[in-house]
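Each chain is listed here by its residues.
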Amino acid sequence: MGSPCSIKIAGSYQHAKSVSDACISEARRFEAVYSRYTNDSIVAQINTAAGLKPVRIDAECRAILNYAGVCFNLSGGLFDVTAGVLRRIWSRARTRKPTEEELAPILSLIDFNQVEITDDTVFLPRSGMEIDLGGVVKEYAADALAQLVKNHGVDSAVINLGGDIFCVGARGAEEGWHIGIVDPKGGGAAAAVQLVNSGLATSGGYERFLEIEGQQYSHILDPRTGFPVNSLASVSVIAEQTVVAGSAATIALLKGEEEGLKWLEDFGCPYLAIDQGGQMVTGVGFNSGARGLEYVGEPLKGPLNEQRTGFFDVKVSQ
Amino acid sequence: MARRDASPLAVLSAAALALPAFGASQPTERTLAVSTAVYQEDDLKRSNLVFGDVERYKVKTNQFYVSAPIGRNWSGSLSYDNESMSGASPWGTSESADGQSDVIMSGASIDDSRNGLDASMTRYFDQSSVSVSLGYSGEHDYHSRSIGLSYERDFFNRNTTLGLSASYSTDEITPTDAALFGRVLYGEKRSRSFYASLTQLMSPVAVLNVGVGLTSRRGFLSDPYKLRDIRPDSRLEKTITASYRHYLDWKQTSLRLDYRYFWDSFGVRSQTVSGSFMQTLSSGISWGPTLRYYAQSEASFYQSFDQYALPVTQAQSSDFRLSSYGAWSYGVKARYQLGAVELSGAIERYESDKGLGLNEPVAGHPALVRFGVFSLGLEFKF
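Chains as they are written, first to last, in my numbering: chain A, 4 to 321; chain B, 64 to 445.
Among these hints, one or two may not hold up.
[As the list claims (entries may be wrong)] Here are the simulated lysine to any residue pairs, SDA-like style, with alpha carbons at most 20 Å apart:
#1 A:Lys265 to B:Val193
#2 A:Lys153 to B:Ser149
#3 A:Lys265 to B:Pro83
[Claimed, not checked] What the simulated footprint calls covered on chain A by chain B, stretch by stretch (three residues with Cβ under 8 Å from a Cβ of chain B suffice, anywhere in the stretch; the number is not a length):
#4 27–38
#5 51–63
#6 245–251
[Unchecked claim] Cβ pair distances, simulated, as ranges:
#7 B:Leu271 to A:Gln117: 30 to 36 Å
#8 A:Ala35 to B:Asn272: 35 to 41 Å
#9 A:Lys11 to B:Ala182: 38 to 44 Å
Think of the hints as simulated: they come from the structure by calculation, not from any bench. Cβ coordinates follow ideal geometry from the N, Cα and C atoms, glycine included.
Could you build all of it, start to finish, from the sequences and the hints given here?
Take a look at the structure:
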């Protein structure tokens, strides 16, 4: 995964060890299946077959691709998993600002709408097209591992995959899990949150800058122009699923400072956004507490709460 | 911006829920539940009684249920129920002086009990599941055995689900005191059922389900305890059902509307419409009312009073359940979660009336039933 990961599980050492072993296997599985780097990951197979033939995918991969499609639509085309090809332009080796001529052929390979997805196959129609599911999968993996620990009977745990976090249950009877959101300018935590059964994802643009001819170019790129976006420096979102929090945060970054803040406010989930100047903007539940910004979570409910119908119906003959 | 049902959060959450980690189709919890219910029919009106007692049926039911996941891909469930019945039921009807029909109630009060056992196993696949179930029900004069198979498959991100099921059952009846009352000594009935349904997620907050069913019954279909009840030896039943569920953020309210249309080879047609909602109050209690309306037409061989002049080879029955009538039932359910235990209770009232049926009856059945049900339940998940 590339960034530090940790799993904290409440329970006996024996149990916690076996559960965390299961989590590590599952995390490795995600990495093996969805990584761009390994040769036999499904993503590598799909990218190698671009322009050639459709590739068989399983239900999980299809669900992830469909989820990426929903993000694409919701973001007006900004969140595009085929935009990874821009790496070829914005690489560390670059010394000059890219020209329109250099960008044009790469831009023609970026368009999620062209990806052909059926119930069990996916096809990238043009040679050179690539999909990169790393972002979505890392956030989804936090949710998947949380579900895994719950399946093992654990009701209190924290899954932290490089900043994409899911808190299962609460820390104690009265308090949620204490998580600190890092201040991008260094110097500790920007905010302290207490989470109960929630996911927290942070997307940042300030850590990875490319300096070319004295100018700083962020790695948040607009897939339509190929150029970096004037984005917020860091966005953290809290939602019932880490993958939802992560997509919301990423889309906020892609929309640029002004539109991004508007998107976060409309989205309706608690958020903390930090702009390039270090200013913090929060909403939907984040308060100013004694120790600075804080958010205290209550168990969240989802949009479709299935009401179980009782299986006990007194049989009445009619 | 006003929040509508299809807000970005709702849309994204719905797409996220389609991811395998969330759609855990295999239940991960074990469930243990018990419940008890009392069903009591209203007394008959004395003026409608020819012979017998006005007191009707009372049934006490106790149920026990357990379900658990088995391994990674299976789950199983077992349920046991026990009913004790007491009271009398109509033997037949006769014509009264003013042309109406009056009821002859059975003299002796029945005291019987029924035991039922049902077991099922489900295997979960990537996007589908298959279930097998076995059932047994026995009373001292009636035994039933059944087997069922069902299949469910998801399409398009779990937005659409197809369900297919088939079942087969055999029933045997050995009426009590058969020789004494000149009843048939033994009867057998075989039923075959098929059902297909489609469930579609219309939006992140709405689900629609439609289904069709077909059941064929053959064998001894008459009621041996009635004085004069002769029914055809085959019956083909058809149903069409539709149900709609909608969720509102306000107090986590779930609305539900159901419709069912039934018609069969006995000439009976019926319609059922019901509506209900459940909501969660700030105290943590969930509650909700239900209202149901049912109306049926009479069977082609229904007689409002037993006609002994008719030959025994001709189908005839004065059973109120084959007459034209309608019924209203209304009730309230409540649930409360206390840790891992959920307590639930319900009361329901049912009132049938000849005036509510689909036909204009010549003479309404005097024994149309009215009853109340009160039930309590406990469910433990671990």
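Here is what the structure says about each hint:
1. Among the hinted pairs, lysine 265 of chain A with valine 193 of chain B is inconsistent with the structure: their alpha-carbon atoms are about 47 Å apart, more than 20 Å.
2. Among the hinted pairs, lysine 153 of chain A with serine 149 of chain B is inconsistent with the structure: their alpha-carbon atoms are about 47 Å apart, more than 20 Å.
3. Proposed proximity of lysine 265 of chain A and proline 83 of chain B is contradicted: the alpha carbons are some 31 Å apart, above 20 Å.
4. Given as covered by chain B, the stretch 27–38 of chain A fails the check, having 0 residues with a CB less than 8 Å from a CB of that chain where 3 are the minimum.
5. Evaluation of the coverage hint for the stretch 51–63 of chain A: fulfilled, as 3 residues show C-beta separations to chain B shorter than 8 Å, against a requirement of three.
6. A count of 4 residues in the stretch 245–251 of chain A with a Cβ less than 8 Å from any Cβ of chain B is obtained; the coverage claim is therefore met, three being the minimum.
7. Range check, leucine 271 of chain B to glutamine 117 of chain A: Cβ separation about 32 Å, and the 30 to 36 Å hint holds.
8. Distance hint check: the CB atoms of alanine 35 of chain A and asparagine 272 of chain B are about 39 Å apart, consistent with the given range 35 to 41 Å.
9. Here the CB-CB span from lysine 11 of chain A to alanine 182 of chain B is close to 41 Å, well matched to the stated 38 to 44 Å.
Hints 1, 2, 3, 4 from the earlier list are contradicted by this structure; the remaining hints agree with it.
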